[in-house]
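J.: Please build the complete structure, drawing on both the sequences and the hints.
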Amino acid sequence: MLIFHESGRLGNQLFQYSALKSLCKENESLILLGFSQLQSVFDGLEAKIINHNSSRLERGFYYRLYRRLDFLSQKKIITTIQECTNSRRIIFNEGLLKQLTFVKESYFQNQKFFDPDVIKSFKLKPTLFQYAQELLASISQEKVLIFVNVRRGDYLTWPDKDNPAVLPASYYQECIKIVNSKIFNPFFIFLSDDPFYVKDLFGYLENYYISLGSSFEDFAIMTQCQGGILSASTFAWWGAYFAKLTYPKAFFFAPKYWAGHRIKSWYPPMIESDFLTYIDLL
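Numbering follows the working numbering, with no gaps: position 55 of the sequence shown is 95.
Hints in this document: simulated from the structure, not taken from any laboratory. Errors might be hidden in some of the hints.
[What the hints assert, rightly or not] Using C-beta positions, here's what the derived DEER-type ranges look like:
#1 THR197 <-> ASP314: 28 to 36 Å
#2 LEU245 <-> SER178: 17 to 25 Å
#3 GLY193 <-> ASN225: 26 to 34 Å
#4 SER62 <-> ASP202: 35 to 43 Å
#5 GLU98 <-> SER178: 17 to 25 Å
#6 LEU252 <-> ILE223: 24 to 32 Å
#7 ASP314 <-> SER254: 25 to 33 Å
#8 ALA209 <-> SER305: 16 to 24 Å
#9 GLN122 <-> GLN181: 43 to 51 Å
#10 ARG49 <-> GLY243: 22 to 30 Å
#11 LEU136 <-> LYS163: 35 to 43 Å
#12 GLU66 <-> GLU174: 39 to 47 Å
#13 ASP233 <-> GLN170: 54 to 62 Å
Owing to the predicted nature of the structure, the values given are computational and were not obtained by experimental measurement. Virtual Cβ for every residue (Gly too), placed ideally from N, Cα, C.
T.: Here it is in structure tokens:
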């Protein structure tokens with residue numbers, strides 16, 4: 041049995057689930073604590089998920105067990121797994137009990153950590169899939185649909201106030217310029233936690249739509265687009281990843297150095313991916 045507690049929201053949960061499922065041995069069960077966002081967006085998850093949807097008895101049992109795992113790992117009674125922060129390695133520390141493995145806080149933010157076959161069981165919730173399909177069909181089937189993820193909110197101060205991950209308008213404008221030069225009849229679908237900012241900044245475009253849906257609906261929209269302009273967000277990363285599965289020839293732009301674009305250093309250090317085209321911000 042392999043047990044792990046979530047760290048972060050949907051994008052992080054997707055990385056964590058995919059990596060952990062890939063690490064599971066044959067017939068080994070995966071126990072995930074939390075993961076309510078992942079559970080709300082996808083069917084086909086092959087894990088036992090414990091959260092507010094579980095019975096009180098189950099929650100009590102697994103959370104009490106989880107609180108004891110760190111102590112048991114320190115005594116080398118159980119096996120532990122943890123990612124190595126600055127390299128694509130996973131550290132295994134074997135304990136006396138082979139039946140229980142405690143996965144310490146890890147994010148696994150690189151596609152090398154998971155087997156692509158794990159993703160094949162993922163199915164968007166029917167309501168989300170239908171929402172995205174109907175919305176995109178109403179725009180026009182003759183246009184090339186390009187999502188633009190503009191994340192502000194917490195990114196105005198994260199990773200720190202001096203060098204936040206929020207992207208300048210010039211990045212999006214440059215990406216839109218490239219798309220317009222390469223694609224005939226593109227249509228830009230903006231997904232943002234600040235739609236009024238988007239309206240003020242990009243209202244000059246002829247072909248665009250600003251989503252006012254939920255974050256889960258926005259995610260479903262991204263997965264059905266034929267290209268995308270990403271923020272430095274795992275949420276957008278996975279939207280692009282699933283879209284690429286549907287449209288193998290689709291292209292996606294992302295900021296070089298990801299959330300570390302202001303200091304010209306990759307952050308997180310392992311996030312660089314081979315299916316994204318990176319734009320260097322000057």
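J.: Does each hint hold? Answer for all of them.
T.: Each hint, compared with the structure:
1. THR197 <-> ASP314: 28 to 36 Å: holds (30 Å)
2. LEU245 <-> SER178: 17 to 25 Å: holds (18 Å)
3. GLY193 <-> ASN225: 26 to 34 Å: Because 32 Å falls inside the window, the suggested range holds.
4. SER62 <-> ASP202: 35 to 43 Å: At roughly 36 Å between Cβ atoms, ASP202 and SER62 fall inside 35 to 43 Å, so the hint holds.
5. GLU98 <-> SER178: 17 to 25 Å: Between GLU98 and SER178, where Cβ atoms are some 42 Å apart, the hint is violated.
6. LEU252 <-> ILE223: 24 to 32 Å: At 25 Å between Cβs, range holds.
7. ASP314 <-> SER254: 25 to 33 Å: holds (31 Å)
8. ALA209 <-> SER305: 16 to 24 Å: holds (23 Å)
9. GLN122 <-> GLN181: 43 to 51 Å: Once the Cβ atoms are compared, 47 Å apart, the range 43 to 51 Å for GLN181 and GLN122 holds.
10. ARG49 <-> GLY243: 22 to 30 Å: holds (29 Å)
11. LEU136 <-> LYS163: 35 to 43 Å: Distance hint for LEU136, LYS163 holds at roughly 39 Å.
12. GLU66 <-> GLU174: 39 to 47 Å: For GLU66 and GLU174 the Cβ distance comes to about 40 Å; the hint holds.
13. ASP233 <-> GLN170: 54 to 62 Å: violated (24 Å)
In this structure, the earlier hints numbered 5, 13 are contradicted, and the remaining ones agree with it.
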